[in-house]
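Could you slot chain B onto chain A? The hints should help.
One line per chain: the protein sequences are A and B, in this order. For what it's worth, the working numbering labels the leading residue of the first sequence as 95, then goes sequentially. For what it's worth, the working numbering labels the leading residue of the second sequence as 3, then goes sequentially.
Heads up, some of the hints might be wrong.
What follows is a set of in silico ranges between Cβ atoms, one per label pair, in the way DEER data are often shown [to be verified]:
#1 Glu139/A with Glu233/B: 31 to 37 Å
#2 Glu499/B with Met140/A: 26 to 32 Å
#3 Lys27/B with Gln213/A: 36 to 42 Å
#4 Arg224/A with Tyr410/B: 45 to 51 Å
#5 Met140/A with Gly41/B: 34 to 40 Å
#6 Asp160/B with Met140/A: 46 to 52 Å
#7 Gly66/B with Met140/A: 52 to 58 Å
Below, computed lysine-lysine pairings styled on BS3-like, alpha-carbon distance capped at 27 Å [said to hold, decoys possible]:
#8 Lys203/A with Lys98/A
#9 Lys203/A with Lys479/B
#10 Lys147/B with Lys380/B
#11 Lys479/B with Lys196/A
#12 Lys103/B with Lys82/B
#13 Lys27/B with Lys465/B
Simulated from the structure, these hints should not be mistaken for lab results. Keep in mind that this is a model prediction, so the values were computed, not measured. C-beta atoms are modelled at their ideal positions from N, C-alpha and C, and glycine is treated no differently.
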Amino acid sequence: MSQKIRVVIAKPGLDGHDRGAKVIARALRDAGMEVIYTGLRQTPEMIVAATLQEDADVIGLSILSGAHMHICPRVMELLKDKGLDDVQVVIGGIIPDVDIAKLNAMGIKGIFIPGTPMQHIIDYITANARVRV
Amino acid sequence: MKSVADRADTKKARWEREVLEPTLKKSPERKGPFTTISGRPIERLYTNEDVAGIDYDAEIANPGEFPYVRGIHPTGYRGKLWTMRQFAGFGSPEETNQRYKDLIAAGGTGLSVAFDLPTLMGRDPDHPLSLGEVGKCGVSIVSLKDMERLFDGIPLDDPKITTSMTINSPASMIFAMYLVVAEQHGADWQKISGTIQNDILKEFIAQKEYIFPPRQSMRLITDVFAFCAKEVPKWNTISVSGYHIREAGSTALQELAFTLRDGLEYVQYGVDAGLDVDDFVPRLSFFFNSHSDFFEEIAKYRAARKLWAEAMKNRFGAKNPRSWQLRFHTQTAGVSLTAQQPYNNVVRTALQALAAVLGGTNSLHTNSLDEALALPTKETATIALRTQQIIAHESGVTNVVDPLGGSYFIERLTRDMEEGTLAYWDTIDRMGGMVEAIERGYPQKEVAEASYQFQQAVERGEKTIVGVNDFVQTGEKPIEILYIDDSTAELQLQRLEELKRSRDNDQVRRTLDALKAGAKGRDNTMPLLLDCVRAYATVGEMCDALRDVWGEYEEVPVI
Chain A
95 MSQKIRVVIA
105 KPGLDGHDRG
115 AKVIARALRD
125 AGMEVIYTGL
135 RQTPEMIVAA
145 TLQEDADVIG
155 LSILSGAHMH
165 ICPRVMELLK
175 DKGLDDVQVV
185 IGGIIPDVDI
195 AKLNAMGIKG
205 IFIPGTPMQH
215 IIDYITANAR
225 VRV
Chain B
3 MKSVADRADT
13 KKARWEREVL
23 EPTLKKSPER
33 KGPFTTISGR
43 PIERLYTNED
53 VAGIDYDAEI
63 ANPGEFPYVR
73 GIHPTGYRGK
83 LWTMRQFAGF
93 GSPEETNQRY
103 KDLIAAGGTG
113 LSVAFDLPTL
123 MGRDPDHPLS
133 LGEVGKCGVS
143 IVSLKDMERL
153 FDGIPLDDPK
163 ITTSMTINSP
173 ASMIFAMYLV
183 VAEQHGADWQ
193 KISGTIQNDI
203 LKEFIAQKEY
213 IFPPRQSMRL
223 ITDVFAFCAK
233 EVPKWNTISV
243 SGYHIREAGS
253 TALQELAFTL
263 RDGLEYVQYG
273 VDAGLDVDDF
283 VPRLSFFFNS
293 HSDFFEEIAK
303 YRAARKLWAE
313 AMKNRFGAKN
323 PRSWQLRFHT
333 QTAGVSLTAQ
343 QPYNNVVRTA
353 LQALAAVLGG
363 TNSLHTNSLD
373 EALALPTKET
383 ATIALRTQQI
393 IAHESGVTNV
403 VDPLGGSYFI
413 ERLTRDMEEG
423 TLAYWDTIDR
433 MGGMVEAIER
443 GYPQKEVAEA
453 SYQFQQAVER
463 GEKTIVGVND
473 FVQTGEKPIE
483 ILYIDDSTAE
493 LQLQRLEELK
503 RSRDNDQVRR
513 TLDALKAGAK
523 GRDNTMPLLL
533 DCVRAYATVG
543 EMCDALRDVW
553 GEYEEVPVI
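Isolated chain A (complex conformation) (with noise of 0.2 Å):
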């Protein structure tokens, strides 16, 4: 029996700039996904909490603003601490080729740059999620 990924979109951070946060949060639900977005300026914890409370499979952060590295470490380490280490961490954004190693180091593996294909997130989604039992 397969259930519905559950994916929770959150904008972190002071930016406004929500347009890839809403088109991949729509893109995600058209493909079957549960989709939980948070809305604007979450911190780390209002994140985690809402993952926690919607019972989320995937975190989803879009960050466009230069944050990522002050953001990113902040949930994986809330993440650990309530036990949600199997939640799949994913981020799209501005994010400098520098910074990419350091935070797949961190356990994000999925990455997602301007110009990438929605179906190509999707696809990773979908292939690394958790699995339910």
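Leaving out everything else, chain B in the frame of chain A:
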């Protein structure tokens, strides 16, 4: 539009039958769809029949004549070129100050300040939400001290260099800081010119950098209108912006219609606040995007001038021609730039800049090739400025006013843009105005839908993005980018502590209390903000004072 029956005997119909059809049988057209980047279908040919219903003298007219389709200046760019105004800001006030000096030395003719997100959102660097954001997307300005550093050695009393400041929710606070620095430089407020963006409606629609609820936000804006009409009469009190609406994914038509309708809303609120139209409308300016669809953009600018002129004259009864004349800044489309094969972005930007010039822009920012990756380096920012200089001084397009005027296609498209805008205005008017439409989420939904449709078209391959979904290249070498570290955050945090130790904190409290009292009543907030600024209150403290009185806006997200 003519019906099919009417068309049967037109010259174009004859041409289609006798010339086109035999050709199509032998060699069919490419698959298409032949649409603009906004999804607007385009015919293969436009002829004099497409513009037969347009009266040149009354509806287009020569440049400098109502309704200004062909431009507001009779001499076009033969008189004065557009202002080459490059938007810049990053890190500390000192770093940005140096970039401005570089841009002026390279021939830039105007400054344009980009602020970081904490400044734009009215948060001091020590607020939890400022984590990782200080100095990243723009310059960090905390108090008057930073504004003094930002303009150090740049004479604000020199009329040759004007400054534009891209800030909205805290626009009046930053403007107050600018006025005090100008005063320190010996400038006369009656003579200085420049622009604050101060456009909150497009923040609710698109960019989402709002703080206070819509109606209180509108109050801050009309306070600036009223203050400047007396005290700073040459200042552009608002830059009504379509740029961000377009970047958020709207079509060209939506950008035009929503932006101008925002403009009408500001005029209406100004009138309702007791101002005379001709006292403040001449200081309203506009800001449009220049996207990749060349002719659609040109038509958009031409239609904008006509729509504004007619609305000011007929809807608001403005009598001063300066109220009728729409002046606008343009920025090339950041969203069109690709992270892949970034050098291609120079070409995209050049074409977009040319469209803005052929549309008669009064001021222009050209993006740098690395902006899908980071803020621009000094080198890429210079190429962007050179692009404008090549158009201005080498291409020859500045020799003649509105060179595309009279093109069957351009005139038809201009008219279509106008008609489409009027239809959108009608819908918004029926909702009670733009504030009401925003409260219902109407423009937000329209933009979200358009952006999703565009993305789908790209995914299906109906819209080609060179280097992204076609002509893809692997194994690209990364280019060098500007990397902003956390040193600005550390510096600004340390300075904030120092400031709070050295200033007269009683005076800060008194001025902030007076601001709160004013916000509760009807007093103009500008003089109160000037007092706060002179006491070295921070942007965060001034915004918090108003948050206490007015609360904060929270949107219901629309997917």
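Verification of the supplied hints:
1. Glu139/A with Glu233/B: 31 to 37 Å: 45 Å, violated
2. Glu499/B with Met140/A: 26 to 32 Å: Holds, at about 28 Å.
3. Lys27/B with Gln213/A: 36 to 42 Å: 38 Å, holds
4. Arg224/A with Tyr410/B: 45 to 51 Å: With a Cβ separation near 60 Å, Arg224/A and Tyr410/B fall outside 45 to 51 Å, so the hint is violated.
5. Met140/A with Gly41/B: 34 to 40 Å: Holds, since Met140/A and Gly41/B (Cβ atoms, about 36 Å apart) stay within the stated range.
6. Asp160/B with Met140/A: 46 to 52 Å: 47 Å, holds
7. Gly66/B with Met140/A: 52 to 58 Å: 55 Å, holds
8. Lys203/A with Lys98/A: Within the cut-off at roughly 22 Å; holds.
9. Lys203/A with Lys479/B: 21 Å, holds
10. Lys147/B with Lys380/B: 25 Å, holds
11. Lys479/B with Lys196/A: 20 Å, holds
12. Lys103/B with Lys82/B: Since the Cα atoms of Lys103/B and Lys82/B sit roughly 23 Å apart, the hinted pair holds (cutoff 27 Å).
13. Lys27/B with Lys465/B: 26 Å, holds
Figure legend: structure checked against the earlier numbered hints; hints not met, in rising order: 1 and 4.
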